[in-house]
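*Asks:* If you read the protein sequences in the order shown, they are chains F and E. This note's numbering runs 5 ahead of the 1-based position in the first sequence. This note's numbering runs 5 ahead of the 1-based position in the second sequence.
These aren't lab readings, by the way, just hints derived from the structure by calculation. Mixed in with the good hints, there may be bad ones.
Each pair may be met inside one copy or between any two copies, as identical chains are not told apart.
Here are the simulated lysine-lysine pairs, BS3-like style, with alpha carbons at most 30 Å apart [claimed, not checked]:
| # | residue 1 | residue 2 |
| --- | --- | --- |
| 1 | Lys293 | Lys166 |
| 2 | Lys293 | Lys142 |
| 3 | Lys24 | Lys370 |
| 4 | Lys166 | Lys87 |
| 5 | Lys166 | Lys228 |
| 6 | Lys594 | Lys166 |
Source: prediction; values computed, not measured.
There are 2 protein chains.
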Amino acid sequence: MRKIFRKLVELEEALDLLKSLAHHVKLDVIEVPLEQALNMVLAEDVVCMVDLPPFDRATMDGYAVRYEDIEGASEESPRPLKIIGSIEAGEWPRREVEKGTAMEISTGAPLPYGADTVVPVELSHRDEAKNLVYITKALRRGAYIQYSGSDLARGELLLPKGILLGPREIASLALAGVRKVKVYRRPVVAVITIGSELKEPGERLELGQIYDGNTYGIISSLKEWGAEPLFMGLIPDDELILEDLLREAISRADVVLTSGGTSAGAGDVTYRVVERLGKLYIHGINVKPGKPTLIGEIGGKTIIGLPGYPMSCLVMLHLLVRPFIDWIRGVKSPPSEVSVEAKLATRLHLDGRRSFIPVMLSIDKGLYLAYPLRTESAAFSSLLHADGFIDIPAGTILVKEGSMVKVKLIAPLRVHDLVFIGSHDIVVMEITRRLRDLAVLSVREIFMGSMTGLHAISCRACDVAGVHMLDPNTMEYNTPILKRLKVKNVLVIRGFIREQGLLVRKGNPKGIRGVEDLLRGDVRFVNRNKGSGTRALLDYFLNKLAEREGLSFQEVVRRIRGYEHEVRTHSAIALMIIRGMADTGLAIKPIADIYGLDFIPLAEEMYDFLVLKDRLDKPSVRAFLDMLRDKEFQREIISRYRGIKFLPETGEVVYEA
Amino acid sequence: MRKIFRKLVELEEALDLLKSLAHHVKLDVIEVPLEQALNMVLAEDVVCMVDLPPFDRATMDGYAVRYEDIEGASEESPRPLKIIGSIEAGEWPRREVEKGTAMEISTGAPLPYGADTVVPVELSHRDEAKNLVYITKALRRGAYIQYSGSDLARGELLLPKGILLGPREIASLALAGVRKVKVYRRPVVAVITIGSELKEPGERLELGQIYDGNTYGIISSLKEWGAEPLFMGLIPDDELILEDLLREAISRADVVLTSGGTSAGAGDVTYRVVERLGKLYIHGINVKPGKPTLIGEIGGKTIIGLPGYPMSCLVMLHLLVRPFIDWIRGVKSPPSEVSVEAKLATRLHLDGRRSFIPVMLSIDKGLYLAYPLRTESAAFSSLLHADGFIDIPAGTILVKEGSMVKVKLIAPLRVHDLVFIGSHDIVVMEITRRLRDLAVLSVREIFMGSMTGLHAISCRACDVAGVHMLDPNTMEYNTPILKRLKVKNVLVIRGFIREQGLLVRKGNPKGIRGVEDLLRGDVRFVNRNKGSGTRALLDYFLNKLAEREGLSFQEVVRRIRGYEHEVRTHSAIALMIIRGMADTGLAIKPIADIYGLDFIPLAEEMYDFLVLKDRLDKPSVRAFLDMLRDKEFQREIISRYRGIKFLPETGEVVYEA
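Assemble the whole structure, with the sequences as input and the hints as a guide.
*Replies:* Printed below as a string of C-alpha cells:
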C-alpha cells in the first residue's frame, strides 16, 4: 500500500546527476557597476587594460635622487644635494633630477626623469637656509621605487570567468580601472513547502499542527549562496495543488526546491507528481538523515525534493543544494567547505549507514571538542545548536570518544565564553541573562534535561551542568547518582530548592488535594516516564500511601487512571491538563506559573550545578557562581518567582567526584 | 617639516580603544519580518512561546499501538491488531487506541490517546481482508514517538540578544512560531577616500594618476560585515575639502572611515583635520603594513583613518574595522576568525616589527602551503592573490621554511586545480583559458617574473612555472641557472621561442635598425634592470658591437643616451616610448603588438616550463602539457600571434634537476 524506498542511491551518484543537470540552466549575462557586483559570478575573463602602477612611483616620502650621488653616504659622511623642488602624488614631474640634485617626493608621486632611487626622509637632514638635503645612508639603486607595470601589466589576465567576486576581487578590478563587469544574473529558485500539518509562523496553531521552519531556512540559505529565492507557497499534501504550483514554478524559475511530501508515508505526494509531469531520477539517497530526498526534472527544470524534517532538510541543503547552486552559477573554484578538526567528546554508535551527525563545538584544552546532538532527524533543538556535522562513512558502527573528526560547518563558528547544558530552569535563565547583559559574556545554554547535562559535563562538553536527579534508593538528590556512575573530576555546587507538586486546572475543579485523590476513580492522571526523578518521587509517595492504606503498591497503581500513560517532560504534563486529556500530574512549580495552572505542593527537589574541577577558575564559570551566590540576585529571584529557595551553602562545593 | 610617527601604539591598544568607542554608537531597534532578518543582530532575548513539538508525534510511518499488545512479538509470532483507522500529519485523533487495536499513523501525525508506541510499517504485515495488521517485532515502549516539549519547552530561551541571525537561527525562530523579530538597524558608515593621485575607475588616467581601489574594497567589505556604507566622495589631499566632508559625514553616519591622507608625507591631511575638529587618539600603529592608521573622534562619532595602500588598507580593515563593526552591532559572540594551519613554503626575514604577511595558499602533500607574496605594501598584485595573512609577533626576524603558521583568511578559501607562477606570456594565457573553459579546471595564474616562478616551484608553491632566464656566461636559457642554483626535483619542459627586439614608435620615426643606432647620439634609450635576461642579451650585443667597432664596452655604453635609466618590465619600456620619454628599448615581440609599437627583431629567447617531478602525473599538469603539445593549438597560436615558434621537442622533458 505504501512505497518503501527500494533503490537508494549513494550521495555521490546524486551529486553527479546534479552536476550534469546544472548544465541545463543557462543564466543571462548582465553588466553591473562594481558596487553591485559583490557575490556575483564573473561571466567573462577580465584582462588588465592598464599597467599597474602606470608609472614608476615612490613608495615612501623622501627625496628622489641619482644613485651615483649617494654611493657611500653615511651618518659620518653625508652627501649634500641641492633641492630642486618637490612633487606630490597626483602631480607629474616637470623637471629632471640632474647630477648633484634631489627632488622632494611624496609617497605615490611619480619618479622624475634622471632619478633612480628614493631616499626616505628619515635617512636625511635638511638645511633650509642653503636649500640642501644631506643623505645619510647609501641605499641600493632602485630603492623605494615601484616600477610601472611591475605589479600587473597590460594584457595580463586580471580575473578569469567563473570567479566569485568578493571585496578582494572588487578592489582589484577597481585598481585596474574596471568600472563595470559582466556577471551572470542570479538563478531564480522556486521554493514550495509541503505539509498538511504546517502552519505559517505567527499564526495560531490548531491541534496537530506545527510551525513551518523549512521555508525560512531554505530561503535564507539560498540568499547566502547567491540565488534568488521565489517562494511559491505553503501547501497541504495534495497532489493537485502541488501539480498546479509546480507548473507555475517551472515557468518562473530556473530550479525548483520542495520540502516535505517526500517520505514514503501516506502523505507522500511529490514523487508521484514529479513522475507524472516529468522524470523522477532519484527517489531516496542512502544517507542519514536525508534519505527521503528526490531529484527529478519537469520541462527541463531540475526539481530537488528535500525532506520535511528541519535537520534533514538543512543537511541536504548543504550537501546537495549548495554545490548545485555553485554549478548553476558557473563558479569555477567555489570556496572550499569550511571545516574544523575536532575531538569527539563521546563515543558514537551507528547503524552502518552513511551518516551526518550534527555536533555542537566547544573548546577544551585548546582543541575543538565535538559533542554529538540527538540524531533523531525530528529534533528541532539539534538544528538550533548544531555548529556542523560529521560525515561518517557507510559501514561504521562505532566511533570512539577522543577520535579526531572533521566537522563541516553549517554556521559561522562561534566560541562561547560559557556553555551550560542541563535541566531547564528559570534561575539558570536569570543568571545567564545577567552574564550576557552585565558581564558581556557569550553564553550558550542548552536545556536537554539532567541526564544530558551529566553526560555532557563528564565528557567535558560544557562548563556548567544543571541537574536534579533523585536517587530512588536513598531519595537523595544528585550526589548519589554521581557516585554510582563513578563520574570523576566533577564538583557538585549546591544550587537551590524547587517545589514539586500536582498541577491542576485553574480553580482546581476536581478538588484535588494530594496523591490520595488519584485513587478516587474520577481523576485522570498523566505520569512521567520511568527513570525520571519526578517519577521516582511519585512512586515514593504512592509507596507511603500504600503503607497507610494497607494496600500493595501494585494495587494502588492499578487504581490510578492513567498511571500507565507516560510523557517525558514537565511541559507535556501541563499540556495534557490544559487540553483536557488529563486532570493532574506531577511537575515543578514554575511550570504551573508558565501555563497558568494551579499547584498543590508535595515535596522539594534540589537543583544543583556540576562544574569540571579544572574549570572552576575559568572566568566565565566564576562569574556564573558569583551571580548564584549574590544575595541581591537571590532576593530578586525569590520576590519574582514562587517555589524557589536558596540555602546558606548555595554556590559552595558540596561534593568532589 | 614633516611629521614622523613618534608614538606608535600597539594593535591591542587600538582595539581596546575601539571597543570603548563602540559603546558611543546607539543603534535603533527595528522590527522586521523573518525574511528580512538574515545577517541582522537580534535586539532582544527571544523566548519560546510554544512547546516543540506541541504534541506527542510519530517520527515514522507505521502503526500507533499499546506496548502491552506487542510485547514479545517476532517474525515467528507476530501479534495481530485490529486497524481502527488512520491519522495523517495535520489531523487530530478522534479515536482512542484500545487494547488489541492499532491506528495507522503518518510521520508527524499526533499520537492518539491510549497508544504509547509507534511500530514502523517495515515491521508489520497487513491483512486487508481481515482489517488486521501483524506486528513482527517488539520495540521498546515509546519507540518512534517525539514527546511534546521534549525538544524545546515554552519559556525556554530560544535565542539571546546579540546573536547574528543566519539560516540556522532563522529556521529555528520560524519553527518556534516567531514571525517578526526586533533587530538593530545596520550602522551607517561614511566612507571618504583621499588622494590627489586617485581617479575613479572607468575614467581616463592623467599622468601621475592611479585608480582608486580602496573605495570599492571598503564598501563591499562593509556590506559583507553587515554595515550600510555611505560613500561621501573621492577627494584630493586638501584639508578644507576634507573638513567640509567630515562635518557632513558625522551628521549623516554612525562612524566615518577614511582611506589615504594618513601617511607622514607632505600630503598628510587627515590627522590635522581630525585634531582640529575633534580628538586624535591614535596616529600610527606599530604594525606592518598598516602603520599610518589613525583613530579619532569628532562630535561623538568615531573616525578611523585607514592607510592608502590597498593591501595595508585591506589588512587594517580586517584587523580593526571588522571587530569594530561587530562591537557596534552588539554581536555578543561574533563568528570566529576563519583561519587555517599551513606550512610556510619559504623562509621569511623580518625587521622585528609586528607584521602581517600576505600569503597565497595551495595544497602540497595534503597540507596547506602558505607562500608569502611581496610584502611591499604598495603592491597591488598581492591584494589579488592573497588568501590571507600570517600574524608575525614583534621581535621575530626569521621564520623558517616548513614552520607551521596560522593563516587568517581574508577571502573564502579556494583550492585551485592548477597554480601557475612565472613570467607573463600570451601562450600561457591561451593554455590556461582553454583549461578553464574546456577542461573545467580552476587555474590560478600569477605573472611575477621568471625568478619568482623558479623560486615558487622550488618551494613547491606552484604546479607549473614559466621561465626565460638567460645565463650571461653561456648565453643559454633556463637549464644553466637551474644547475647553478642547485634546484632539485624539478623538470624542465621545453616551451617555445619568443622574438626579442627593439621597440620603436609606430612608423619608426627615428629610423632605428639595430643596436648600432643607439650610439648615434639622437636616440634616447631606456634600459632594463641588471639581472634581467633582457639586460644580459643587450650587453651581449653591445659587447659584439664594441668588438666590431674596436671600442671598449665602457666606451660603447657611455655613448648610449639613457643606458643608465633602468626600468623593471617589458611594459615599462613600452610606456616610456609611448609617453615620448625614450625612443627605443629592448623587449619581446608581443609587447609591441599590445602597445601598438613597431618591432625590430634582434634575437630569440627560450620560454620553458618547470614542473615538480612528483606532480608530472597530476591531472591538471598533464592537461596543461597536453595542450602545449597539441598541434592544433600550436597552429592557432602561430596564426594569431607574431614572433612565437614551437619546436619539435615542445612539451618534452629536456632536463631533470
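*Asks:* All hints, please: hold or fail.
*Replies:* Outcome of the hint check:
1. Lys293 - Lys166: neither (37 Å within a copy, 33 Å between copies)
2. Lys293 - Lys142: between (70 Å within a copy, 22 Å between copies)
3. Lys24 - Lys370: between (42 Å within a copy, 27 Å between copies)
4. Lys166 - Lys87: neither (52 Å within a copy, 65 Å between copies)
5. Lys166 - Lys228: both (22 Å within a copy, 23 Å between copies)
6. Lys594 - Lys166: Cα proximity of Lys594 and Lys166: across copies only (27 Å, versus 64 Å in one copy).
Of the numbered hints listed earlier, those contradicted by the structure are 1 and 4.
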